[in-house]
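There are 4 protein chains.
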Amino acid sequence: MILNKEQITSHNQSNFDKHDQSFDFLANNLTNKGHDVENILKKVGDFQVAIPSWALGAGGTRFGRFSFHGEPGTLEQKIEDVGLIHALTKSAGAISLHIPWDVPEDAEKIKALTKSLDLKFDAMNSNTFQDQPDQKHSYKFGSLCSTDDKSREQAIQHNIDVIRLGEKLGSKSLTVWLADGSSFPGQNNFQTVLKNTQDSLQQIYKTLPEDWKLFIEYKPYEPNFYSTVIQDWGTSFMLANECGPKAYTLVDLGHHLPNTNIEQIVATLMMKGKLGGFHFNDSKYGDDDLTVGSIKPYSLFLIFNELVYGMENNPQNPYPAWMIDASHNIKDPLEDLMQSLEAIRSSYAKALLVDQKALREAQKNHDVTLCQEILQEAYLTDVRPLLERARVSNGGALNPLDTYRHLEVRKKLVDERGKHTMATGL
Amino acid sequence: MILNKEQITSHNQSNFDKHDQSFDFLANNLTNKGHDVENILKKVGDFQVAIPSWALGAGGTRFGRFSFHGEPGTLEQKIEDVGLIHALTKSAGAISLHIPWDVPEDAEKIKALTKSLDLKFDAMNSNTFQDQPDQKHSYKFGSLCSTDDKSREQAIQHNIDVIRLGEKLGSKSLTVWLADGSSFPGQNNFQTVLKNTQDSLQQIYKTLPEDWKLFIEYKPYEPNFYSTVIQDWGTSFMLANECGPKAYTLVDLGHHLPNTNIEQIVATLMMKGKLGGFHFNDSKYGDDDLTVGSIKPYSLFLIFNELVYGMENNPQNPYPAWMIDASHNIKDPLEDLMQSLEAIRSSYAKALLVDQKALREAQKNHDVTLCQEILQEAYLTDVRPLLERARVSNGGALNPLDTYRHLEVRKKLVDERGKHTMATGL
Amino acid sequence: MILNKEQITSHNQSNFDKHDQSFDFLANNLTNKGHDVENILKKVGDFQVAIPSWALGAGGTRFGRFSFHGEPGTLEQKIEDVGLIHALTKSAGAISLHIPWDVPEDAEKIKALTKSLDLKFDAMNSNTFQDQPDQKHSYKFGSLCSTDDKSREQAIQHNIDVIRLGEKLGSKSLTVWLADGSSFPGQNNFQTVLKNTQDSLQQIYKTLPEDWKLFIEYKPYEPNFYSTVIQDWGTSFMLANECGPKAYTLVDLGHHLPNTNIEQIVATLMMKGKLGGFHFNDSKYGDDDLTVGSIKPYSLFLIFNELVYGMENNPQNPYPAWMIDASHNIKDPLEDLMQSLEAIRSSYAKALLVDQKALREAQKNHDVTLCQEILQEAYLTDVRPLLERARVSNGGALNPLDTYRHLEVRKKLVDERGKHTMATGL
Amino acid sequence: MILNKEQITSHNQSNFDKHDQSFDFLANNLTNKGHDVENILKKVGDFQVAIPSWALGAGGTRFGRFSFHGEPGTLEQKIEDVGLIHALTKSAGAISLHIPWDVPEDAEKIKALTKSLDLKFDAMNSNTFQDQPDQKHSYKFGSLCSTDDKSREQAIQHNIDVIRLGEKLGSKSLTVWLADGSSFPGQNNFQTVLKNTQDSLQQIYKTLPEDWKLFIEYKPYEPNFYSTVIQDWGTSFMLANECGPKAYTLVDLGHHLPNTNIEQIVATLMMKGKLGGFHFNDSKYGDDDLTVGSIKPYSLFLIFNELVYGMENNPQNPYPAWMIDASHNIKDPLEDLMQSLEAIRSSYAKALLVDQKALREAQKNHDVTLCQEILQEAYLTDVRPLLERARVSNGGALNPLDTYRHLEVRKKLVDERGKHTMATGL
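These protein sequences, in sequence, are chains E, U, X and S. Quick note on my numbering: the first sequence kicks off at 1 and runs consecutively. Quick note on my numbering: the second sequence kicks off at 1 and runs consecutively. Quick note on my numbering: the third sequence kicks off at 1 and runs consecutively. Quick note on my numbering: the fourth sequence kicks off at 1 and runs consecutively.
By construction, these hints were calculated from the structure, which means they are not laboratory data. Treat the hints loosely; a few may be bogus.
DSSO-like, lysine-lysine: derived pairs with alpha carbons at most 30 Å apart [unchecked claim]:
#: 1; chain 1: E; residue 1: Lys150; chain 2: S; residue 2: Lys206
#: 2; chain 1: S; residue 1: Lys364; chain 2: E; residue 2: Lys136
#: 3; chain 1: S; residue 1: Lys172; chain 2: S; residue 2: Lys206
#: 4; chain 1: U; residue 1: Lys172; chain 2: U; residue 2: Lys111
#: 5; chain 1: X; residue 1: Lys43; chain 2: U; residue 2: Lys195
Make a model of the complete structure from these sequences and hints.
The following block contains the structure:
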């Protein structure tokens with residue numbers, strides 16, 4: 001199913017007057033405070049976040065999976081789903097594939113489909129945290145870290161294969177996320193598995209095309225774990241340094257111990273030129289993969305405050321890759337993703353409103369009260385009219401969720417695909 | 001130092017036009033969405049939060065204390081400080097005393113001063129977590145929980161004395177917070193100290209005047225602790241039930257283990273008619289006593305969402321006592337308190353904007369996407385014009401912080417009191 | 001497969017001399033210190049822990065399941081597996097069934113098999129956290145808490161059915177564990193779902209036979225959750241009180257927020273006569289369901305210290321139900337369970353060695369150094385010879401793991417059952 | 001007060017027979033299992049842990065300080081206290097000074113006293129986390145990270161002064177611990193303060209004598225904090241690398257977020273040759289500074305397992321500096337320190353008992369059950385007779401605590417020093 005522009009713009013009409021009033025009032029206020037509204041609009045409009053192919057169906061839990069109706073059953077349908085979100089939001093201009101779930105039968109056809117929907121291929125994702133049915137050597141006891149040469153070589157080769165496939169599609173990066181670790185003290189020799197992981201990553205790195213990047217994720221724990229090999233940003237950063245200049249750390253919001261100051265990690269990595277990418281989600285207790293901004297929106301704003309600062313002041317750091325990495329168990333995945341996208345853009349827009357000059361001055365004077373006021377002045381501003389305007393200017397929906405429901409997209413997907421389809425992957 | 005109304009209103013003039021525009025725009029929007037703006041204004045304007053007497057000076061840390069200039073050195077000066085905040089914000093209409101730090105020499109004079117500043121006496125606070133210079137029996141190994149009869153009796157009597165003093169001043173409640181607990185496994189017999197605490201509270205409860213309430217705080221830990229006797233709301237709730245209908249649980253935001261769902265505790269207590277009071281602050285790691293709303297403003301909003309629901313739907317629960325319980329180490333305490341007050345009122349106002357009827361309907365339909373939209377619609381609204389209007393209507397400052405600085409209040413306090421005064425207490 | 005006693009005792013012979021020496025040395029030491037070794041041996045020997053039927057196969061994770069060879073495919077085989085563990089350890093004298101996974105075709109035959117292996121039926125477990133293939137109404141949005149009457153009634157009836165089945169088998173208790181909760185703020189009205197849960201539990205309670213108990217588990221979170229309905233012991237305790245005297249709280253070690261003082265919860269519940277049962281496991285980060293004692297053995301000892309105290313001093317509390325609730329992903333489940341059993345018995349034995357009289361005295365004198373010494377004196381004692389003796393006296397193996405491997409039990413199970421069997425359930 | 005050897009050895013006599021029996025039994029067992037008991041005895045006997053000068057008096061909390069009787073009032077008395085502990089335990093052969101609390105009036109005299117007690121000077125500790133009475137520029141808003149040049153230069157110079165003083169005394173390292181950070185979002189620019197800290201450390205590093213080391217501590221938070229500049233090992237490691245080969249990371253057990261896998265950090269740092277030192281303590285909730293081994297002794301064992309492995313397999317890592325960094329509020333500090341020392345030595349001895357060869361083999365075979373058995377075999381061994389023998393062989397007390405009480409050391413200290421002395425420093 002493909003949404004055409006007319007459907008969207010015609011639905012926009014009904015709410016346009018109200019939007020205009022709100023936007024004018026806000027723009028006027030911001031201009032009076034010295035903001036360059038056009039510039040902010042452009043930045044927000046340009047901000048694109050990748051959707052991973054596995055996020056388009058219902059996720060599973062330990063106990064089962066309540067699948068959603070009309071889930072995409074093929075790679076083509078997954079791309080179409082991202083196309084739908086992008087048509088409505090104009091902020092989901094990329095898809096991130098997961099191999100082996102998304103191996104295309106015909107790469108050229110897939111490229112053409114993707115291009116027709118105005119989508120790019122974001123980072124490729126390898127998978128060595130599961131055994132595939134046809135797999136020779138098991139990852140039960142680790143993959144890139146494995147002390148079994150054959151499992152380890154197979155995992156390295158899989159990553160190289162993913163790079164090769166990504167080249168065909170036009171992707172420019174590989175994200176490596178490992179569930180390698182141990183469930184019990186003594187199970188692994190920490191130094192051995194870290195060394196193996198470093199060697200494996202170096203071998204993968206060697207095959208990386210000149211214009212590619214390698215993103216190394218970290219994560220402190222998985223359920224039923226005692227340790228993970230790449231437990232924190234420090235380990236990822238160390239490994240990226242051992243690989244070389246094209247290797248970077250990837251930060252996933254949910255992959256931290258309780259109370260971690262994530263925005264400080266972001267600042268440190270950008271200062272060192274090593275923040276490669278970002279996975280968005282939210283959480284209350286652990287790695288809950290909830291809708292972005294649904295639990296701790298102020299934290300997200302503080303992180304964007306560092307990202308905005310880094311993007312403006314750290315030429316040593318490349319423009320990061322952005323992706324949503326949430327799980328959708330009880331909401332329509334497409335609705336959920338649109339809520340996430342809006343939360344991301346909202347935080348970005350608010351961070352752009354921070355008066356950096358005044359903040360620098362207040363910091364210099366140790367006027368802590370004022371520092372807080374400056375951040376909150378930006379955060380408390382209702383930027384929704386701005387997000388709407390940026391979207392509409394790019395041809396998207398004033399209110400994507402509302403339009404999605406009005407156009408009965410899910411119903412049409414079920415009609416097309418059937419009720420009990422099930423997305424491959426997670 | 002006492003602020004007169006003219007100083008405040010004259011400073012308001014300069015910003016009134018801008019405020020009017022913003023308020024009208026917001027009020028118009030809210031009215032169109034079906035909100036009763038007058039009613040919301042009244043509720044927000046009526047909302048009063050107590051300031052504890054110990055919050056007016058700089059707090060200490062383990063390593064020392066950077067004292068602030070012009071701190072109040074006497075009870076009268078503390079009351080004056082609260083009066084200043086109240087004159088500016090019209091939302092700090094009560095002071096909460098801490099005994100023995102605030103024993104008045106002349107109760108009637110203190111009552112008159114307090115009344116003249118339009119302040120009430122909120123809950124009285126006893127102190128059995130420190131040894132006072134003249135104290136006969138030490139609380140080193142506990143107070144109300146103590147296995148030493150003399151320490152325990154002294155602690156009970158102290159609480160009774162605090163009630164008697166409170167009666168003279170016109171307070172209507174006693175808050176009991178204990179640092180009773182242990183540093184090491186085995187140090188205490190858990191059952192013995194819990195039983196002792198229950199007995200002690202019951203003895204104090206017996207002397208409570210008919211129209212008083214007893215608030216029992218809980219807290220999972222202190223630095224250098226292995227256990228606290230009243231470690232969680234369950235223990236406090238159990239003790240309150242053992243005392244009787246005038247005993248309630250008091251919730252302090254900072255007194256929880258990492259990731260606790262505090263709003264759910266609030267809902268449960270209100271349903272059971274046992275939420276007596278609330279201490280506001282914020283925290284990143286532990287019981288950090290930071291400015292309200294400075295770290296997790298959305299959590300505060302979710303808590304207020306439950307409070308608003310409970311105040312409207314739980315006649316079994318009395319109107320709760322509200323107090324700020326933060327520590328001020330690097331900001332001017334008065335500025336810090338004004339920021340806290342604004343964050344509280346902001347959360348309250350936003351919670352009042354939640355469309356309860358639509359939420360109930362969405363919950364019934366399991367429309368989880370919509371439930372989230374409804375909460376966020378309220379939260380994302382910029383309610384600052386509303387807070388301003390409610391304040392100005394009551395005679396306060398449009399922008400309290402700005403007015404405070406414009407009127408050079410701190411400078412005048414230093415002139416009056418001297419630079420190196422030091423608040424008694426913490 | 002059934003182990004006969006001769007196989008076990010014959011393998012014991014080879015290590016008996018060494019055991020005798022160690023035991024005599026330890027028993028002599030303990031006797032000199034005033035311990036009644038015979039009494040301790042009897043208590044340890046009598047201590048029986050239930051094995052849940054779902055623990056006998058490999059557990060799953062979010063990403064897949066590495067199944068183990070020779071897993072039991074039927075209820076009979078599960079019972080046989082527990083029989084094997086019990087024959088070796090003489091401490092796993094009960095099985096805890098999970099419905100609908102374990103509905104017997106012929107209850108009498110199952111009872112006879114169980115009896116022949118010297119096993120009892122521990123608590124019955126209902127399952128309303130998953131949708132079964134044939135189920136009319138979904139639990140996607142809750143079961144006992146559901147706002148959909150039909151889902152709720154179905155969940156209540158299921159629990160009643162489980163009780164009826166349990167009566168046929170000779171079980172005496174029902175454990176209710178719920179995954180009821182929400183993923184997002186606003187999704188549930190906290191008060192409504194708590195009231196519904198209370199009503200549902202009361203309806204189930206009403207059908208409970210006179211000599212049965214109802215165990216109510218609590219748990220702060222599940223992955224992808226924002227709240228659970230029964231989030232802590234306080235909520236469970238409150239619900240148990242609302243049900244009546246046969247309702248109790250059940251404590252699962254893994255179901256707590258970081259840093260919770262669990263031993264204090266145990267002490268409080270026993271003092272109030274409301275500790276119904278205990279689920280053993282261990283964890284590093286969250287609810288990891290690792291082998292008991294593999295991560296925090298001293299915590300387990302401190303918990304047993306409270307359990308031993310409560311069993312001796314709290315006649316108001318019934319003898320608790322004991323169960324292992326761990327997940328087995330990378331070890332042979334039977335080996336894993338034997339390690340858990342040994343850790344439990346070790347902690348129990350050490351807790352029995354605590355010199356309660358000396359501890360009471362040291363507590364009274366606030367001799368905190370000595371309190372710690374007394375606990376550690378017990379904990380540091382190597383009680384393994386004592387555990388061996390208690391086991392051998394009851395006809396078990398000196399070293400169960402060693403015997404299990406020597407007798408090639410797993411190999412024989414694979415021969416009997418085939419390599420790729422898969423246990424029903426989790 | 002100085003203990004002479006006769007007092008100690010004469011008290012040993014009474015318990016010698018019992019010790020001999022226990023030791024012989026244990027040594028025999030260990031020898032049979034293939035251990036080289038003499039070698040283990042030597043290693044344990046040689047293991048020396050520094051006592052910091054601030055640990056000899058009662059510590060403070062937020063609310064006050066219950067001081068202990070007979071606290072050392074001068075540097076000489078602090079050294080004497082360490083001498084007492086060392087005489088009894090033969091494992092506290094060094095003192096770690098804190099400047100400016102411990103500036104000696106006569107360095108040579110102090111050196112002579114220290115030598116006479118068989119003590120060395122461990123790492124020097126600078127203090128820029130407090131303002132001293134005579135200090136020109138405040139550290140209220142940071143020291144080495146400060147944006148105020150004068151505060152920063154003063155802090156750098158202080159560290160250089162401490163190095164110079166350390167050279168006079170014969171110390172060989174400087175430990176830098178900072179409370180630099182912020183209480184509120186926006187207060188600091190993360191990149192600026194990190195850069196400043198790096199610059200400052202580099203300036204200090206430049207003045208380091210050739211044979212000295214610089215230890216950089218990290219810590220995620222302090223009470224009332226939102227961020228610390230050196231929040232984790234990754235940041236410390238990065239800074240150490242920026243300084244040079246003589247700069248190392250220092251790990252303090254209490255300075256971690258909840259659930260951190262510290263043993264893995266230890267392994268990583270040793271593999272990279274960057275583990276400089278270790279501060280021992282224990283905690284239940286945060287940075288509680290409790291007696292070593294009083295809360296999580298198995299974690300300590302796992303850490304020592306990595307330390308032992310690293311000391312044997314990582315020639316790239318220097319021998320680490322060991323120090324106790326606990327706080328003593330309710331126990332006699334000397335007793336508390338002796339308990340800590342014993343817990344450290346116990347963990348070290350048990351780690352030495354791990355059968356590394358068998359463990360390597362089991363890891364290779366993914367025999368996870370056996371890996372756990374091997375670690376626990378070592379951990380469950382009661383090594384107390386071994387610790388006694390190592391101590392007695394070096395001239396120490398069989399049972400230091402018992403001897404300390406028998407000889408009424410504290411009473412004599414009170415007689416000498418008076419009841420209400422108070423240690424300088426914390």
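Hints, one by one, checked against the model:
1. Taking the CA atoms of lysine 150 of chain E and lysine 206 of chain S, the gap is about 48 Å. The hint is violated against a cut of 30 Å.
2. Pair hint lysine 364 of chain S plus lysine 136 of chain E holds up; C-alpha atoms about 19 Å apart against a cutoff of 30 Å.
3. For a cut-off of 30 Å, the pair hint linking lysine 172 of chain S to lysine 206 of chain S stands: about 15 Å separates their Cα positions.
4. Restraint check for lysine 172 of chain U and lysine 111 of chain U: the C-alpha separation of about 14 Å stays at or below 30 Å, so the hint holds.
5. Using a Cα cut-off of 30 Å, the hinted pair lysine 43 of chain X and lysine 195 of chain U holds, with the two alpha carbons roughly 29 Å apart.
In the structure shown, a violation is registered for the earlier hint numbered 1 alone.
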